[in-house]
Amino acid sequence: MNSFRNKVALVTGGGSGIGRAIAINFANQGSKVVVAGRSPKTINETQNLIREMGGEALSFQTDVSSEEQVKKLIQSTVDSFGSLDFACNAAGVMGSIAPIADTTEADFDTVICTNLKGVWLCMKFQIQQMLKQGYGNIVNISSINGLGGTPFASLYASTKAGVISLTKSAALEYAKSNIRINVICPGAIHTPLLEKVFKETGVTVSQTEAVIPQGRIGDPNEIAEGAIWLCSDQASYINGHVLVIDGGESAKC
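In the UniProt record's numbering, the protein residues as written are 1 to 253.
One thing to keep in mind: the hints can contain errors.
Dumping the calculated EDC-like pairs for lysine to aspartate or glutamate here, alpha-carbon to alpha-carbon at most 16 Å [said to hold, decoys possible]:
no.	residue 1	residue 2
1	K124	D63
2	K7	D79
3	K124	E68
4	K124	E67
What the hints contain is simulated information worked out from the structure, not anything from laboratory work.
Please construct the entire structure, taking both the sequences and the accompanying hints into account.
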């Protein structure tokens, strides 16, 4: 997929898990990569991993729930590398694992502002730049939890459903502007977020794998490969699509 060489890719949530895997995969394809996230330590680690591979990367500490910071991130990306060809919005939080009646307003604000407002803000400024260029590709990261109800994770599921709707709406709005916008819904993937769920719920890896048709938890690189493909020329007629990567779990619904 030589359509990536010397292009510029921005990945939010790039300090770990799916975001880090996507950033590294963009670099493997020859793209210059901007890694964004809240933790300077983890985004610098991703930046350094890419540089050790011989790639070009920069990291910018960013809270995606802040309009000022997101606007600055996009401008810094363009100032540093000259364009914004690809963007992957992977930043997200789980929030409290609890019944809806036990969640707090603080829980609501944290999860909604990061997972939903954050994707909206990122798309807003990414699209503004892509309109100036006359092209661009965006991939948002949702979850299979956004495809239906999720007990004890109502806020998380609600935001992920919102990301799907935001994606489809934006894809329709900018389809004639040469900007494609798609969304991936991962299932259970080996990430720090899933480890948090295991720790807080007591659910085990074996219990999780028992309900997945393919019998295993996925690897972040499997999501990254989907994101790369959606941004590639091979996917040039795919827009507003929901790509489910979950080992067949959602097929049972």
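Verification of the hints:
1. K124 - D63: 15 Å, holds
2. K7 - D79: 14 Å, holds
3. K124 - E68: 12 Å, holds
4. K124 - E67: 10 Å, holds
Hint compliance for this structure: no hint is broken.
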